[in-house]
Amino acid sequence: MNRTKGDEEEYWNSSKFKAFTFDDEDDELSQLKESKRAVNSLRDFVDDDDDDDLERVSWTGEPVGSISWSIKETAGNSGLAHEGREQLKSRNSFSSYAQLPKPTSTYSLSSFFRGRTRPGSFQSLSDALSDTPAKSYAPELGRPKGEYRDYSNDWSPSDTVRRLRKGKVCSLERFRSLQDKLQLLEEAVSMHDGNVITAVLIFLKRTLSKEILFRELEVRQIALRHLIHFLKEIGDQKLLLDLFRFLDRTEELALSHYREHLNIQDPDKRKEFLKTCIGLPFSAEDSAHIQDHYTLLERQIIIEANDRHLESAGQTEIFRKHPRKASILNMPLVTTLFYSCFYHYTEAEGTFSSPINLKKTFKIPDKQYVLTALAARAKLRAWNDVDALFTTKNWLGYTKKRAPIGFHRVVEILHKNNAPVQILQEYVNLVEDVDTKLNLATKFKCHDVVIDTYRDLKDRQQLLAYRSKVDKGSAEEEKIDALLSSSQIRWKN
Amino acid sequence: MAFPHRLDAPELPDFSMLKRLARDQLIYLLEQLPGKKDLFIEADLMSPLDRIANVSILKQHEVDKLYKVENKPVLSSNEQLCFLVRPRIKNMRYIASLVNADKVAGRTRKYKVIFSPQKFYACEMVLEEEGIYGDVSCDEWAFSLLPLDVDLLSMELPEFFRDYFLEGDQRWINTVAQALHLLSTLYGPFPNCYGIGRCAKMAYELWRKLEEEEDGETKGRRPEIGHIFLLDRDVDFVTALCSQVVYEGLVDDTFRIKCGSVDFGPEVTSSDKSLKVLLNAEDKVFHEIRNEHFSNVFGFLSQKARNLQAQYDRRRGMDIKQMKNFVSQELKGLKQEHRLLSLHIGACESIMKKKTKQDFQELIKTEHALLEGFNIRESTSYIEEHIDRQVSPIESLRLMCLLSITENGLIPKDYRSLKTQYLQSYGPEHLLTFSNLRRAGLLTEQGPGDTLTAVESKVSKLVTDKAAGKITDAFSSLAKRSNFRAISKKLNLIPRVDGEYDLKVPRDMAYVFSGAYVPLSCRIIEQVLERRSWQGLDEVVRLLNCGDFAFTDMTKEDKASSESLRLILVVFLGGCTFSEISALRFLGREKGYRFIFLTTAVTNSARLMEAMSEVKA
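Just so you know, the protein sequences line up as chains A and B, in that order.
For the first sequence, position 216 (counting from the first letter as 1) is numbered 216 according to the working numbering, and the numbering increases by one without interruption.
For the second sequence, position 288 (counting from the first letter as 1) is numbered 1288 according to the working numbering, and the numbering increases by one without interruption.
These are computed hints drawn from the structure, not numbers from a lab.
As the structure is a computational prediction, the values presented were derived from the model and not from experiment.
A virtual CB, placed ideally from N, CA and C, is assigned to each residue, including glycine.
Treat the hints with care, since some could be wrong.
[Claimed, not checked] In the EDC-like style, the derived pairs of lysine to aspartate or glutamate whose C-alpha atoms are separated by at most 20 Å in a straight line are:
{"no.": "1", "chain 1": "B", "residue 1": "Lys-1090", "chain 2": "A", "residue 2": "Glu-412"}
{"no.": "2", "chain 1": "A", "residue 1": "Lys-400", "chain 2": "A", "residue 2": "Glu-432"}
{"no.": "3", "chain 1": "B", "residue 1": "Lys-1090", "chain 2": "B", "residue 2": "Glu-1614"}
{"no.": "4", "chain 1": "B", "residue 1": "Lys-1353", "chain 2": "A", "residue 2": "Glu-412"}
{"no.": "5", "chain 1": "B", "residue 1": "Lys-1354", "chain 2": "A", "residue 2": "Glu-260"}
[Stated by the list, open to error] Okay, the calculated beta carbon distance ranges per label pair:
{"no.": "6", "chain 1": "B", "residue 1": "Leu-1334", "chain 2": "A", "residue 2": "Leu-430", "range": "55 to 65 Å"}
{"no.": "7", "chain 1": "B", "residue 1": "Asp-1263", "chain 2": "A", "residue 2": "Ser-312", "range": "48 to 58 Å"}
{"no.": "8", "chain 1": "B", "residue 1": "Lys-1103", "chain 2": "A", "residue 2": "Glu-272", "range": "52 to 62 Å"}
Please model the complete structure; the sequences and the hints are all you need to start from.
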């Protein structure tokens, strides 16, 4: 609690409720005695309520309602001390004991707790456990009486928060002035228990206009975060967006709205929804992404309808040979590009499904485009297309091979797609770095490349060593032998 | 093999008691709904439940049929339905739809919801709104500490990470405080407490409050565990983001250890079926290799296999009596060992195959470069290529985060281009993932942080104390700089290696990352334990943005035995990794400590990234 002592007194005096003077430093013993008396005086009552004959046994193995049990119950739970006192005041307010479960089975866990070597520790443990059923029955049995009780006495904010933390039913209705409400909230925040903070926020949300609620939370960031998370969880999108608007958190507002598209399954509806996102106050960068998302889905819907038709008609070779495994809807751009390189490679730029059109529309970098097209064409074993992908003509009309991703990558991708050695060889040869080239050639058994490279390096020793790696009597062996016996080469070793 | 415990290592407390407690409490709760009932269990609770009870126990307490909570219509014809769930809104909606459908059909049944580990007011609110409050009875099963191993307690709350570190929701802090309270009632007070992180401090304060309220419970008890150390996950994201290379971590990264057990597929079991295997200290083979660097494991396993062969071979030349003895006494053990050995060899092979395929060597090289802070450009293009080739989305995200945290954020140009390519490769909806990562401070852009810090300090000057605190808080998520490089230097996280780092004979905790990096979290713990305080670590604490959240609390307890003073409970809020566990086990062996781990969940880089991912709506 953040109030000073003086503040607090003033608060209580000004309150129309009778002040409940609870002092934390109160003599524990007298409290204990008092509550014990209170509990004992209620025994008849409690027993009356209980019409089965089974002995009620708590976790400690002691009969429920027995003195030692109730003491432990009280000691284990300081909140109960007040109840005891309240119970003296009013016979109606014994709800906390009426809430006790009625174990209908004689099954008891006492055996477990008996005969412990360290009794000290188990007492508190069992208390902690036996507390559970007591509070959990509260919703069922304790409500009408509980409400009465809550009106008839006043828990201070800190007591209220403590009760909430213990999972007890506790009406917040008496916190009616804004000051009371905020004090309750601050108390909850200072306790650190998020569950209690949320409980108080649920109450505030119900009893304050949203403008006031938002205004107060703006300067209470911890509570604010809890409200935002709560609204997300229960899916109160409207209030969440209002809140972001109020806080002027435009980007979160936009993202939060955009997130909703994930819940829309129907592609056309999803597309329409994305359209509504385009004008939202995203960062400049994200705006472009949202626009792209919309355009992409729009394309995919067209392509999907078209291709489904083609596939079912069964007239198109590519679809017959390679039936589609899944729909292209909602796939990432790169996957869409792969798909289009696979099924629509040769299409003119004008069609939506052509790879070039995708590349232009979404400004796909060269590197990414080549990588994807290569993977797709290699998968189809369309080696001519692969060849064309890397062939450029210069202004004199000479052709030259160029790869924006590096030829070592090209070789790896081709190998992964089981390209034949002749094809691999061609690309291994284009690798510039000699060591990388030798490595790849050795790894993928491109013998000619290895042999030629060693010849060029005039490395007789390596060539000799490599001879043992090729098949006996093969063309490669012959080639090596021919080189080794050649007098034209000036070997360096 | 490698590291037996020191002879003077203290005994661990017996945590199996926690299992019995949880089981008995569950039975008690089931008895609250007398008679036959069908039990609906939330998927996430099944494995933890498996570890403490079995079906026959449930049957004994009149559970008729078991169902998984999933969004399907219920076919149960039972008159009593019991739901065992985590306190989640969607579970409440599911239960509400079920109860309301019954109402429409004019059917009356009894319903009971058991929340584990506790119920939330938001859940009750939903029950009220759906008009079924009062129709269902609610209970709490305070099962929040599952002993996964002799030294590892898990709260099995993976959502803690997202709830707190992304959403700023403190709902689990009370659960943590309650768990600590339970431990101190069972195992005595903790004479020395240390902590770092905002959440750690809050959990500690709430725990203290609980102890005060239930005063006297632990008084006079001899402490069994001398130290407790609480640590927030966001103090050290780096360690959690690294690829793991000690065996247990690697198994977790590759196959996913779930609640202390792993499903080994046919590729491991070399048969046609999968096998669920418990991984803990009871598995003798696993116990010896779990903390080892992967490169040692092969050698160890083959040595073990040879020994086993030799033992089998002994039966040659035995007479009948000896043979009888051998069969009745040794054979079973040998067979068991044989089974375990072949499983772990299978797992190793499978790991090797997978790692070779994904070019693990290259990946590790990049990670080490990031940790050490050289070749940043090269690493960046490595990540870029990862993305372009559509290698796993989680892996790409992880590397980007590692780059961001080690470099205090990405250069704006890189941030934009990596993000664009990521969205193109893995889907535009990841826009939301990026926003989450930025909020959690895992993936940020350089620049804005600095300006915000300036704004913040200006504002702080204008507004006095408390209000300023609130405003600082608002900026904190964005303004936090990771300062990894400076911290690494201060704490010597990158060991200087002359020659090869011998992974067979580790000399420091860096062995868990091939000698390249000492886990930050573990180093902090080591340093504080050495000093018994934060003294002299002010600069590190400041760099960690934890100026107000590093604390020490010692009680002058003479009662603590010297043995208990060498037992240390480390509490990871937001999850810990097996690498960290291995590193601290190593530290314990070096210094004669024993560490006990309490974590909200065992985590790894993939789980952290998935928690931030927004795609699976």
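Now for the hints, and whether the structure bears them out:
1. Lys-1090/B - Glu-412/A: At roughly 47 Å apart (the allowed maximum being 20 Å), Glu-412/A and Lys-1090/B break the hint.
2. Lys-400/A - Glu-432/A: holds, 14 Å
3. Lys-1090/B - Glu-1614/B: holds, 17 Å
4. Lys-1353/B - Glu-412/A: Distance ~18 Å between Lys-1353/B and Glu-412/A Cα, so the pair holds.
5. Lys-1354/B - Glu-260/A: violated, 37 Å
6. Leu-1334/B - Leu-430/A: 55 to 65 Å: holds, 58 Å
7. Asp-1263/B - Ser-312/A: 48 to 58 Å: Cβ of Asp-1263/B to Cβ of Ser-312/A: about 39 Å, so the range 48 to 58 Å is violated.
8. Lys-1103/B - Glu-272/A: 52 to 62 Å: About 36 Å separates the Cβ atoms of Lys-1103/B and Glu-272/A, which means 52 to 62 Å is violated.
In summary, the structure is inconsistent with hints 1, 5, 7, 8 from the numbered list given earlier, while agreeing with the others.
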